[in-house]
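Residue numbers (our numbering), protein chains in the order written: chain A, 1 to 172; chain B, 1001 to 1103.
Be a bit skeptical, because a hint or two may be false.
[Unchecked claim] As a list, the in silico PhoX-like pairs of lysine-lysine whose alpha-carbon atoms are at most 25 Å apart:
#1 A:K25 / B:K1099
#2 A:K25 / A:K77
#3 A:K25 / B:K1026
#4 A:K158 / B:K1099
Calculated from the structure, these hints are not laboratory results.
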Amino acid sequence: MIDYFIHMGFLVTLIILAFLVVEVKDLLRALALFIMMSSVLSVIFYILGAPYIAVFQLAIYAGAIAVLFLATLHTTKGRIMGKNLSLTLNLILAFLLLFMILAFSINIIDALNLVNPPQNYPLEEKPFFLWTYRSLDIIIQGFLLLATVTAVGAILRKKEEVEVVEKAVEES
Amino acid sequence: MNDLLQLYILASTILIALGLYCIATKRDLIKIVLGIEIITSGVNLNIIVMGLRSNGVEALAQSITLISMTIGACIAAVALSIIINVFRHYGTTDTREIKRLKW
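Generate coordinates for the entire structure from the input sequences, incorporating the hints supplied.
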């Protein structure tokens, strides 16, 4: 029964954070809340019995995508980067960070017996499937990443200076 | 187990609805991309919950979620680079002003 309430608590936290991401007007704060939301989601994946997905969720969503958003914010709205976060938001951030560290610490979870992991936890079998029979997936993902890098490079390339050439043609 | 499953499906549905609401109502392009990422997170949670069994999450569901995460990251990268390009061209990321300032 206590498991049910813990799962429910995490889910309610997740939905509240998602709602705040949508409704908070300051984009930097929205991004901070998005990072917290991704971290809570990774805790949920962990307690559901998918530790690899939890690690990837943290690395990709709370790490890589957050850095991309930060770079975009810095480019488009440089002025908001200098703002200080309020004391309340700092306290919420610190509390959630502490909570996540506690939740991720396997020893503490075991010691408090808060969340029972699923029975017959097949940590030995999962990596075999996840990494052995996935060559096609990995090729597809590599192609996807290559296509993305090419697309981003093409979108962000500098425009060629056409005017100079036109002037030279006119003069000649 | 069944109650938990329903709870998680409800949560993922709420996440997807929140993302759609964000896309439909917000006017900043960066907020819209955040909404897309929230939808992706909801879909990932749904896939994992659908693969939930008594002895853990199925490996196939985990594998599909990994692919979904990669696609989500690629979407974010391309969308954010388009936003930077739009900002270079128009000087704003507000959709109302972009609509007004045509080529």
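Hints and how they fare:
{"no.": "1", "hint": "A:K25 / B:K1099", "result": "21 Å, holds"}
{"no.": "2", "hint": "A:K25 / A:K77", "result": "13 Å, holds"}
{"no.": "3", "hint": "A:K25 / B:K1026", "result": "10 Å, holds"}
{"no.": "4", "hint": "A:K158 / B:K1099", "result": "24 Å, holds"}
Hint violations for this structure: none, all hints satisfied.
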